[in-house]
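Given the coordinates of chain A, assemble chains B, C and D onto it according to the supplied hints.
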Amino acid sequence: MSLQASFWNNLDQVFVLLQHWIAGYFPVGLQSAVGTILAVVGILATFPGIFALTTVLERKGLGRIQNRLGPNRVGPLGILQPVADGIKSLTKEDIVPLSADAAVHFLAPVVLVVAVFLGYAVLPVGRNMVLMNMDAGLLFFFAIGASTELSIFMAGWSSRNKYSLLGAMRAVAQMISYEVPLLLSSVVAVMITGSLSTVKIVEAQSGFTGIFPHWYVFTPWGFAGFVLFVIAALAETNRSPFDLPEGESELVAGYFTEYSGFKFALFFLGEYLGMFSIAGFAITLFLGGWGAPLSVLGFVPSWVWFFLKLLAAIAFFIWLRGTLPRLRQDQLMNFAWKFMLPMTLLNLLVAGAWRFLGDGWLRWVVCSAVLLAAYVLLGRVLMRHQNLGARSYRYAD
Amino acid sequence: MTPLAAFLIVAALVFAIGLAISLTRRNAILVLIGIELMLNAANLNLIAFWRFGPHSSGHGDGLTGMMFAIFSIAVAAAEAAVGLGLVITYHRHAKTTDLDAMTRMKG
Amino acid sequence: MIVCSASLMASWLAQDQAPNFTAAYHGGPSWIVQILWLIPAIPMLAAGLIALLKQSQRNLAAGLAIGSLGVSLLLAIRAFTHVLSVWGQGGVAREVVSFNWIELGATHLQLGWILDPLAAIMLVMVSFVGLLIFVYATGYMAHDENFTRFFCFLSLFAGAMLGVIIANSLLLLFMCWEIVGLTSYLLIGFWYQKPSAAAAAKKAFLTTRIGDIFFLLGIVWLFAQTGTMLFYNHGAGAMEPVALAALLSQPAALGLTAAGAIGLLIFAGAAGKSGQLPLHVWLPDAMEGPTPVSALIHAATMVAAGVYLIARVYPLMSAGATAGGTTVSLTVVAWIGALTALFGALVAVAQNDIKRILAYSTVSQLGYMMVGLATGGVAVGMFHLITHAFFKALLFLGAGSVIHGCHEEQDIRRMGGLGKIMPVTFLTYAVGMLALSGFPIFFSGFWSKDAIIGAAHAWPVSEGPFVLLLIGALLTAFYMTRQVGYVFFGSWRGPSHSHAHESPLVMTLPLSILAVFAIGLGVLGTPAWPWFTSFIESKRLLVDMHGFSEPGLVPLMGFAVVLVLLGLGAGWWLYMQKAVQRPATAPVHHHQQEHGDEPQHRPGDIVDVLESSAPIIWKWLANRLYFDELYAATVLRWYAALAWLSDWLDRRVWGGTVAAIAKGFRGLGWANKAIDSQWIDGTFDKGCEELVTGGGLLAWLQAGRTSRYLRVLALGVLVLAGLELVVGAMSGQVRP
Amino acid sequence: MIFGFSIAFLLTAALTVAGALAAALLKNLVHCALSLTVTFAGLALLYLQLDAQFAGFAQILVYIGAVAILVVFAILLTRGAGIAEYRGFSSSWLLGLSIAAATFALLGWAVIKSLPAETEASAAPAVTVQSIGAALMSSYVLPLEIVAVLLTVALIGAVIVAMPEPRTRKSGAESGGGQ
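Chains as they are written, first to last, in the working numbering: chain A, 5 to 401; chain B, 512 to 618; chain C, 150 to 885; chain D, 1100 to 1278.
Bound-form chain A, shown alone:
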């Protein structure tokens, strides 16, 4: 191969090579273990870094959206703000309420963070860059994601605080309700790929027609699946507009009202890591994972693409948070069970049709038509019963 090609190639695989190179210094028996440890270290190093970056990005972004500056003191343009926050949270006193259930109160954030980190094990961040390429990777991710609810409940219940408990109840109800559409909307990708392995899913999308990639999001069912997945992901990570569990104006800080200092930081970390991982899976499932958006850009290392997409997704989440108002609990539930669920189920059928209609324009027409019709009709039906009108102010004016 030409020198240049090999250079890009090595750049693409640089982390893998590094891992092998380091592991090479160890006796053969240990090499695999060391390799794993290195990969874990990599994950543990990278994503908290992104977390730190995100905090400041979010605060500044929200600031811009709300027409203010946001943090701009620590370091140039307040870039070092996260460092200050970290030091603060580490040095703050760790308060455990007197009546709290100490053990559970302590375990809750740990469980959360551990579970969230486990989720990264099957997330391919680049070509050959996945910790465990297991056969049932996606299932693993969802199983782990399901177990975070427990930690949230533990936090809310152990604090012996009505806000915490209410927040926890809301959070768990919400997460359970949205887990269903989340799972179902990701199943379409599995159906088409024919595998639960995240790596296989990405590889299935790595082709190109002309210069355009074969991302699932560019198909009718893929687009619908992507949108549904993102909505469910927002709810699953308690992000705005689904942030009822920690709605500051309603329950002080939801289930981690009673947390302070480092445990609070852990929760914060867990929240954001959860957001990253689920965004990462959205990318893996529908946005071609580490694949390049245009064939001509194929030379750029795969991990670059992945992290670029991740940052874009984060920016999108921040934008939503700055834009959308918060839902009400009943709206939340109705949306989950009456809109998301039917749409995801229908999407499954559409994906099946796509699979069996064979190539050609026909399947495009059919699938898009079905999805559009379903969307419009469902929207009509759901909207009919809630009489939306001009807002009436009872106490103002």
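Read the hints as simulated data drawn from the structure, not as lab findings. For clarity, every value in this text was computed on a predicted model and none was experimentally measured.
Pairs of lysine-lysine residues, derived as BS3-like cross-links and limited to a Cα-Cα distance of at most 30 Å, are as follows:
(1) C:K768 / C:K343
(2) A:K96 / A:K64
(3) C:K203 / C:K351
(4) A:K166 / B:K606
(5) C:K203 / C:K343
(6) D:K1126 / B:K606
(7) C:K812 / C:K835
(8) D:K1126 / A:K166
(9) A:K96 / A:K166
Frame of chain A; chains B, C and D shown alone:
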């Protein structure tokens, strides 16, 4: 590789504990928990036998044991949902979840 | 000549499938047999649909029921003609379809259906009579607000009954049998608001259950012995020589063979269903149901199911019979049948409820059928079953029409002179009455009953049944005449303000049709032209007037005729020639007739002639020989005694001993008071403790504690598993 | 390896049994529920050690993700949460315990007696998720359908059972959400 007997013993232990729970505890929810434990022990047995047994059984695919376990997991979920629903309803009527107090059938 | 005409008719009726007769023999069964299951399925389906209807959709419900049964009737006739044609070709028309229902490892339970002359003729009879009664019911129940429910039950019953008929597997037969029992329960208790009706329903259900338990035992035993529940299965069925030989070789208790024992068990079931002597008590009370029900279920079809069952398993019952001899089970059947026949006839004499009289006559006639089966073989019994089905249905519908006309009056002492008011009913009823009492030559009842009496006479074992049947015949003629005299002759004795009227056409039309059959069916079974017998036994049919010249046949017939005429005459002399009048003196109190009680006197009721002459006997008969009382005094008493005993044990033995101990201690304590006061308290407390523990012990069993049940359950499972393992260790699967 | 048991097995087994014991003995219901989840997780790990990936993840998804949450909700809705209920054990706990012990003894005896202590482990069966899916769609399709029906029925049944009667709508409202 750990011998089959070890898994079976663990399963038996879990089963016995589940039985003990459902026989000695008075709270209906705990009794349900015990039942769940027993089901899980059974599942462990199934999986263990599937792993150690001959891999071509029943339908020719070596899956019978695992399938059995998977189905029983699904059924257990249904059982839990209904059972807990019943407990909640009973609590709404009688304001108790104490099995020894659940002697009335009239709601 | 008859043969070729029969075969001609057959081939005309079955042209379209003349080619696949051969298929019917050699290859698979013909299409009509393939779809035979539709016959019961359709009415059941209709029942399901009707169950979904609203209470107000009366016409739709009736239409569904009648339509579905009509289709079944057509199919049944088609099947009948098929059998006819096969018979006409000189073949033995028995085709079976069977399939596996459940497979338990090696053994599998098979279900299936059969088409043979027996089933075919029963199919036609049941669906035809049923159809007529459905039509009638639309008139009779017109004013009932649960019309739809009634027809739902009726269709369900029809379906189940047809299922019983076509069943080729004891299992399937038993299922349908139980559905039939259920519908009978539902229909008897149809007016469940009436406590008497509810009670009657319960009684019927439980009494038949007693029989069914034995029946089930018989089935299980048979299955255990032969490994199949199919009657006929190309040589492998339970009613076929191989299995029968196996059964005969199996000795059971009391010197019975397995065959005999199983036969007796099955007969117990049949006795329960068709009200044979020990278990007959439910049948008269069953008249609490609406009259069409009484006609359909408790006269024409269901009660005949028992007889049909015996006919089905006849090979089993008669297995091992020496030439001209008989078997234990058949002997039992004969005697019980004969006793039932006499008993029913006796009791019927002294009843005053129009439907009860018919009910008891049904009991007695069923007895006749049993005797016919036991002594004369399938054909004889079945012939009487068929004819009886028609004229008894006719009688019941007539009674219903009378009741309807007299505004729900059922006591014949408060009727009279209806002959002029409702002529159609009267004529048809008279036909039915003559048929039932076996009036010579013209009426079907004569031929069938005469065949039975002849068979009983020829029975080698004993003359007893024969004599009993003769007396029964005499009495039958008598009580029917009495009833007719009461109802249709004389003058109106009912409350003056109520006026009887003739029933509408939907009710009288079925009456007329049935009447025609009650007369016409007789020709099928005359000794000269034994069509029925040879059809059932699928022998070649020959006509010869020598049938009459068999030794002793004509004298016997004559004797029977004389008896019948004697009965009729006596009845006429007592109840018609000087018409029964109401004693002008006593005032009339018309109060709500309570059903199902002993016929008790009310002021204004006339005193029966016989009653005044022989009050003691009359009282006995009127109270049905105190059978219910007997049961109340024995069975129920035993239960009561048991309950009381256990209660007594609880109170006295447990508590009592405890109390005694306590008392003893207490007395001791009092005695020792002077010496030592510690003792007293000690013993006192002890005694009290004892009492408490005793009480607790008793209470322990009763409290509905879930956890306790769980515990017992777990213990049981544990013990079972332990046994299993120990046994396994014994047999070496588990290495000890 | 300690007496032929891999350390991983010993750890997970200990975890499982410990969780179960805790569920049996703890006073506070929520603690019981949480330790129950530990048991579930341990069992899932055991499945993984038995090369039953799919079953293991299904176990986590269903039991920890759904059943445990359900139990916890039920506990909260039946007010069993805060107060550590007094006399958590039924009057005749000894009998129950002995029955359980006897059961364990019986099963253990059977296992020990009937199995060679050292079973040679056959090669891990190559079971991919594809093969499971194929089997579910081919030879196990009927059970699958039946389970689907069962789950639907159970879902509806649970909702209806826990649905508040009109008069108690207020008190039952959140239970509707909980189901």
